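All chains, please: the whole structure from these sequences, using the hints.
There are 2 protein chains.
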Amino acid sequence: MNQDAIGVLDSGVGGLTVAKEVMRQLPKETIYYFGDTLRCPYGPRSADEVKSFVHEIVSYLMQFSLKAILIACNTGTAAALQSIKDGWDIPVLGVIEPGARAAIKVSRKKKIAVIGTQGTIQSRAYEKMLKSIHPELQIYSLACPEFVPLVEKGLYHTPEAKRVVEKTLAPLTKLDIDTLILGCTHYPLLQHFISQTMGDQVNIISSAEETAAELSSILYHRNLLSKQYGKKHRFFATGSQYLFQQIAEEWLGENVEVERVDL
Amino acid sequence: MNQDAIGVLDSGVGGLTVAKEVMRQLPKETIYYFGDTLRCPYGPRSADEVKSFVHEIVSYLMQFSLKAILIACNTGTAAALQSIKDGWDIPVLGVIEPGARAAIKVSRKKKIAVIGTQGTIQSRAYEKMLKSIHPELQIYSLACPEFVPLVEKGLYHTPEAKRVVEKTLAPLTKLDIDTLILGCTHYPLLQHFISQTMGDQVNIISSAEETAAELSSILYHRNLLSKQYGKKHRFFATGSQYLFQQIAEEWLGENVEVERVDL
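Same order as they appear, the protein sequences are chains A and B. Under the working numbering, think of the first position of the first sequence as 19, with each following residue one higher. Under the working numbering, think of the first position of the second sequence as 19, with each following residue one higher.
These are computed hints drawn from the structure, not numbers from a lab. The structure presented is a predicted model; accordingly, all values stated were derived computationally and were not measured. Check the hints yourself; a few may be wrong.
The list cannot tell twin chains apart, which means a pair is met if one copy fits it or any two copies do.
Claimed, not checked - Listed below are the simulated DSSO-like cross-link pairs for lysine-lysine, each with C-alpha atoms no more than 27 angstroms apart in a straight line:
hint: 1; residue 1: Lys245; residue 2: Lys103
hint: 2; residue 1: Lys123; residue 2: Lys249
hint: 3; residue 1: Lys103; residue 2: Lys85
hint: 4; residue 1: Lys128; residue 2: Lys249
hint: 5; residue 1: Lys46; residue 2: Lys127
hint: 6; residue 1: Lys123; residue 2: Lys103
Shown next, in the form of structure tokens:
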């Protein structure tokens, strides 16, 4: 059981930011990563559609022996976390709670902004989570529908990406926030431009680091941490293997073999 | 159940650094704080003695309806966490795991130092926890027996405290670490001098912030977070109420009534 893999899933390459942090913070663990690149982006889709996609992916991954599932996609977490938790008997984590908790931890002004896909922002999942813990927080939300397609096309280093980030986030720079939650696992690939735009005074919260730490905590408390170094990570994608592989290798800094899956 | 208090205990005033973070990050929760000021410091005592003290305190606190226990004392965590977990049916948290996990999260060089009491350092609890998760870490440990008495006497702002911190930490400033774990809940009261001594390049990890975030996570996942704002916090101490109250009011920034307890 302890040596079983952790299933990590996303609409595409965004969840790799979380996978990378899991590899760094929990180097003994094995990851089976699933990117639904064919049907990416999830952001503009209905919650019901996203939910059915996440269920399909989890069903696929559960053919392997898994000890935990990590929905490394904010849109997927908002739409499907609860029903995946209800449907399976192993620990299931999303990326929204850890990010919300981390924002509460670092924000001193109690003024927090959240950026995410249309689906995530419309779900108000962050707002509900933040307010349920801390009713006095002031929260600003902004959908950034152009960010995910830029990342999936591998354009996150380009001057075009810089322009899009600056233009999209301009309204947030006028607010007196001290904390910005990257409410989409794709956004850490744009973090350089996001930090530049927001300035030094704003703490940038990436779900990736926080979710990996929370996974570590949950595996520890359930006595599920790997005792030895694990097996080779595996990567599955529904769309083009080539672009996925390129981004994964650049981001993870290691060789990646991508297995094509038809759902 | 959700509106029940959280029991927080320490050898003295150190656990107030954790209590303060719980109040900040989880403002709806109620805290029953126990400081064993009469028998402080725990650091130089044997593990067996510290364990029996922690059991006495938890037995005392459990007369109230509690939904969780937080051993906000590193020496107490090292000596008694497992047996308190085994003995009681509610979630029990220590301060060592969250701090270790946070250090792994922020350290890029994988070179981490831990400071704590003699009891904590001798237990090698941090080292074991860090290495079990991440075998490649380089870890340096240093006992700082003079720190707790300085804090308990209310002398943490003084030039004497500055001198003691500088002298004690001098060996660590020659190492190429990027992360220092404050492995004692009293040490955040000396954090200003500790940061000055270590310099900007070293991340200072306070168990307080991380433990409060982990408590938030555990209460959330067990569906135990308070739904409404809670009752008044209560404070118990075995020794002098006066000095405890003074430090508690300064640190928490609110009026504190201390109830004297004979164990």
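For each hint given before, does the structure comply? Return the numbers of the non-compliant ones in rising order.
Hint check: nothing fails, all pass.
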